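Going line by line, the protein sequences match chains S and L. So for the first sequence, UniProt numbering puts the first residue at 1; every next one is plus one. So for the second sequence, UniProt numbering puts the first residue at 1; every next one is plus one.
By construction, these hints were calculated from the structure, which means they are not laboratory data. Be careful, since some hints might not be right.
Quick list of in silico lysine-lysine cross-link-like pairs, DSS-like style, CA-CA up to 30 Å [claimed, not checked]: (1) L/Lys349 with S/Lys21; (2) L/Lys352 with S/Lys486; (3) L/Lys617 with L/Lys631; (4) L/Lys135 with L/Lys206.
Label-pair distances were calculated between CB atoms; the ranges are [claimed, not checked]: (5) S/His149 with L/Asn472: 29 to 39 Å; (6) S/Pro61 with L/Pro461: 21 to 31 Å; (7) S/His149 with L/Lys330: 51 to 61 Å; (8) L/Gly311 with S/Glu564: 52 to 62 Å; (9) L/Lys330 with S/Asn155: 32 to 42 Å; (10) L/Gln343 with S/Glu309: 44 to 54 Å; (11) L/Gln92 with S/Glu564: 36 to 46 Å.
Keep in mind the model is a prediction, meaning the values are calculated, not measured. Glycine residues also receive a C-beta, built at the ideal position from the N, C-alpha and C atoms.
In case you want the letters, here they are:
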Amino acid sequence: MYGDLVSEALRTLFFSKALNKPRDECSLLYYGMTDTKNMVHEEMAAQGDLGEYLHITVEQPLQPPNAQFLTSLMNLPRGGGRSDFIDAVTVAADSINRATQARPELEKANVSKEIVLISNFHEKIREEDIQDFVQALVESLQSKGVSLHIISLDNAASGRQDEKQVNLRVLDELKKEVKHKQVHVQTPAELLGLFKCKEYSNTAYYAGPFTIGNMMTIRVKVAKKAKKETLPSTSLYSEKSRAADASHDVLRESEYKDASDPDATVPPEERAKAYKYGKQYVPVQPEDEAYLAYRPDRGISLMGFLDAENVPQQYHMKDPWVMVAEKGNERSGLAMSALVRGMANKKQVAIILFVPRVSETGGANAATCVAYPLLGNSQQPDCLILNHLPFAEDLRVARFASLDEKPDLIPSLSQLDQMRSVVQDLELSTDGREALSPDQTANPIIHRFYSYMASQAADKDHPLPAPHEDVLIHDTFEPRAAVASKAHAVLQALPQHLHVERKELVLDRVQPKEEKAPEEETAFSLEGTAATSVEAVGTSDPVGDFGVLLREGKPDVAFRSLPEAVVSLVDNSLGERNYDKAIKAVLAMRNAAEERGHDQKFNTFLMDIAGRYEHDRQHSSFWQSIVKERILLLGNAEEADNFFKQHSGVQVEEAAEPIEIDADEEDEFAGMD
Amino acid sequence: MAEYDYNADDVDAEEEGFEREFIPTRDNVIFLIDVQHSMFQSASLKNTEGFEESDTWFDVALRVAREFLKMHIISSDSDKIAVVFYGTRVTQNANNFENVYTLQDLDEPTAQRIRDLDSIREQEFEERVGSAPEKSPNHLKNGLWAAQQLLNSGSSKAYKRVLIFTNDPSPQGTGKEAHTFRELIVARAITLHEANMTVEVFPLVKPEQSFAMGFWNHIVHAGEDAETGTSFSEGADTLYRLQSLPGLLRHRGYRKRTAGKARLVFPEGFQLAVAMYALIQPATKSSPVYLHAVKNEPLRVESAIICQDTGAILTEVPKRMFPKRGDAEKLAGRIPPIIISTQELRELKIVKDPGLYLLGFKARSCLRMWHTWRQSTFVYPDEQSMPGSTTAFIALHEAMLQSDRMAVCTYVRTRNSEPRLVALVAAQEEKDDYGEQVSPPGMHMLHLCFTDDIRAPESDPNLVGTSFPVANEDQVAAAEAMIDKLSMGESAYVGMFQNPMLQRHYQVLEALALGELPPEFEDKLQPDIQGMQKVGGAAIDAFRTAVYGDGYDEPGFGAKRQTAGKKRPTPEEEAALKEAMGDTDYQGLAAKGMLGKLKVDDLKKYLKANSLKLTGKKDELIQRITEHVEKSKS
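Extracted from the complex, chain S is given alone in its bound form:
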């Protein structure tokens, strides 16, 4: 089940190496192959021993990875032979040995050497003399300073767990004296995310004193703890030229032009540098530039301590830093350790002023930071994690209504219970393993990018997988089947307990006016945008809105805004599309007005409509429809009749006929779709 994924993960790794660590060299070995192609076997065969190190092939020799590497990884071969991992690691170690013999510069300690062993460890090892083999291997690895990175692909369902147990025990022997790390991969996504898309070396951004008052300093270093990895950038590629030696380069050129004379290009000596200050542009002479800069002393200094709970994480402004004591400085190490432990015990954070850089022209890059204690272990020292805090100018304090402000919006006990079950059942941590931990979860988009580019380098026709076929995207951004199925029942029941009206959501908060063309049902969602139409009769469901407003005891709003909605519907109607809705609204208003004794309100409205549309070139048929429906004035029947006669006249007969849609209008519709 892991075959394709292993090749994808390795393609990404090798491509990223070529790109980001161009001096790194890699080699690719397969074991369990039908063929045999390795130097150890050949040497022994030359000595007459033909049966050793079989079915192990060195697919790619040690070299900086190239396109061939990627091509050979497009499909992982299906091996037909059997060989065990001790042999395979021995052959790998031998490759490294040969390389260092040929190139002594590789012996240096700063050239790190690693063997990555990927297997499900289902093929049981040959157990005879295994101790001797392991011992020899350990010595070989140690002497060259080679570390082991063991990736165990676990799949409990596939059986053969007994064999695996034996193998892992042998591995444990091997690990005892060799620098190593071991990962158990349980899902495809974990495998794909195993190798970071870009490796960084950890450099100190700041090295110097951390001062406490004016009485004490601790020598420290500060390095990035995290930094958002962005998609690698691409360059524009012009296809204008068909010439064989075309560079395809694209140049961006900027010209400064006189605003009042578009043809005049302004040369540098006629340009003056300026900064905006409100409405003004303030020219700044080069000699004044230095005044603009804030230039304190470089350094890190303590401002004081605060209760940790007073600085919740939502205040973090940027990516985090880590502050450690200077390497090999026993005194500073002790001081940091004491400080970190003291802070942890007292649940305190430190507020510090961080001025890592001061330049002569640009001034300082100063920040107030919060520092959290992080206790160390045998692998890492006690240290502080730093993050930038907002300055006063960065905060926008806004008030929000208390959640219990409106009693009718407070959920009932049963609603709350339902939600509690959802929170409980959609648990992401199972058996102590936390899913989607930031420390373990790869960025699917960047890996998708690298993976696709790697496959393109090998095969130009390789298609881009659809998002839903992308394992990493699916496992990271979609709810996990195992989690969701556990909560299936409560999730299904949720809509019955909590009624949320589904509406088209308006993402654009402010909508340009000219886009208001409410001829489509969906376009009506525009109404939510302007705050004036809040809680008023809208055009999408005027009758519904009207009813809601009346029920909520807001007849004034209802009676005031319905006419507006009707007029808007009619005015914006393409042909007669909206008439039906508008007429229903008029009827609804008439009924409500009659019921509540607001005759006058309705009558005014109806007369207004008559005035507006009776002789309107575009929408006179709307008035005719009103006439046809015999929507009369309220109150005095005689008056109503008179009004009706007066404004319907002979047109009653015509209007009774089905209205023909002429060809032009149909064309208009066609154009819209």
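Take the given structure of chain S and dock chain L to it, following the hints.
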């Protein structure tokens, strides 16, 4: 200045002409200041940061206005602000509303305006404007009229606010006709609300005094139905206690505005609507622009994309190359460059529709302090978009708080954004002793890192070594004692410091705009060394002795050997560098503004030969060379 600068995600998209989700909006604000005689009584505010004891209420209002202008210059300089007095003797405004004086029309603030507000003193005011002899309800009514007319002249896309400063709880008067007047004024306020303008009142009273908000509540909430009003219950959001000027600006400086809306989609399809608010928004300096040296007008920058092979100006470039040219050359022979279409690039990263998709819940303790990479976003239910959302949101909020869990979601911000993982952390409302909201109820959306973003410098032997000293109990105890002494205490809060880089930048610009010399800068950010010494001197001393032994301290910068100094090239090296520059005519190209034609490597040759900084983007390198060329000419 960008209204909501999320990250560079959308840069590509914008280049390619995809529509933006958020249209930038501005504030249009009217300061409507009561100037009847009572405003000229001494406010005698003692121990109130930002005000002086001798200030009258009138001074207080102007101080607020002035600081407000400054603040908006720094944080959102396209906002427009006007200052209007009502209850004046002299009438001066565009529509001739009586007893209303427009001091500053609705416009973007300038240095001169700030200075003018600074310089108005009672005497000058009395001569130029003066208070009306008698109090009249018409003053306020006319003031509101004038404010509305001013706001109508502003941008239609702006948020419109009227801020009233007064110490009069009953401008409608107390006579028989008070009720009629009240109705008239409220009617005016209603038309303002209907025109989508908000009215806020700043009662000018001493912190310990009370102020009857009865009348003003009707103004503030005019046109709002008691039940449907989306703002606070009466009183809570209208009364601000004058504890300090910075505090007042913090709480009232900006109108609450959404940064977007989203559906929160549960697995299996249940969904509710939420609105996002950027309560933390990094303020940055304005970037420089270029003016015509003679005309002093901003220059227009025109850029074009030119095909190097044919010299043609390209309107669109549908293909991209990866890796970029420079890297591709380094990889030459190993991996061929890959040409893909912008459409493919888009399909690579745009994989989901905008929205907030719930994946599940975790214990809050799973969130570590290094798991976020940018400022958070505040999330609040959006009842208006999808009725019923609030109830569902409250249930979720409550359930998460009770179980101490956070939600993990996939978040796609816009149609052009790639998905990221976020955590929603429920937060309870907090109020101070006066019932003033300190932190709002809702959820904070924290933007999570991926493993590709996280590094482990703390366990890298190259950085930390391999032996890690651990402090003993006595040393930890000494540290604890020091921590106790150096506590910043109850009065400290996040955001208590102003950004000195911004303050200095704008302070100097203000002076330069007025043709003055830049003032001395008082650095308020530096730690209070004296205070620390006084309170915690002994404890720091004890801690130092506990970890370092008697009379020792690690050296600071001063004691450090100078290693960071610029290394001057030897004469031979210099000659080599000069030679590397070859026959490129840097001066000529600089004069023509054509340095952009050169490769970055070539630009660096010049910089290196002249011992200039090599860092920065290409534009910066060009800038540096141009400046250097000009300098060496003169």
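Evaluation of the provided hints:
Between L/Lys349 and S/Lys21 the alpha-carbon distance is near 24 Å, which keeps this suggested pair within the 30 Å criterion. Only pairs whose Cα atoms come within 30 Å are accepted, and L/Lys352 paired with S/Lys486 is accepted, the gap being roughly 24 Å. Note on L/Lys617 and L/Lys631: the hinted pairing holds, with a Cα-Cα distance of about 21 Å set against a maximum of 30 Å. Between L/Lys135 and L/Lys206 the alpha-carbon distance is near 22 Å, which keeps this suggested pair within the 30 Å criterion.
Checked against the given bound of 29 to 39 Å, the beta carbons of S/His149 and L/Asn472, roughly 37 Å apart, stay inside it. In this structure the hint that S/Pro61 and L/Pro461 lie 21 to 31 Å apart at CB holds, the actual value being about 30 Å. Separated by about 27 Å at the C-beta atoms, S/His149 and L/Lys330 break the suggested range of 51 to 61 Å. Distance hint for L/Gly311 and S/Glu564: a CB-CB separation of about 58 Å, consistent with the stated range 52 to 62 Å.
L/Lys330 and S/Asn155 have their C-beta atoms about 40 Å apart, which keeps the hinted 32 to 42 Å range intact. The beta-carbon spacing between L/Gln343 and S/Glu309, approximately 49 Å, falls within the hinted interval of 44 to 54 Å. For the hinted restraint 36 to 46 Å between L/Gln92 and S/Glu564, the CB-CB distance of approximately 37 Å keeps it satisfied.
Taken one by one, the earlier hints fail for this structure only at number 7.
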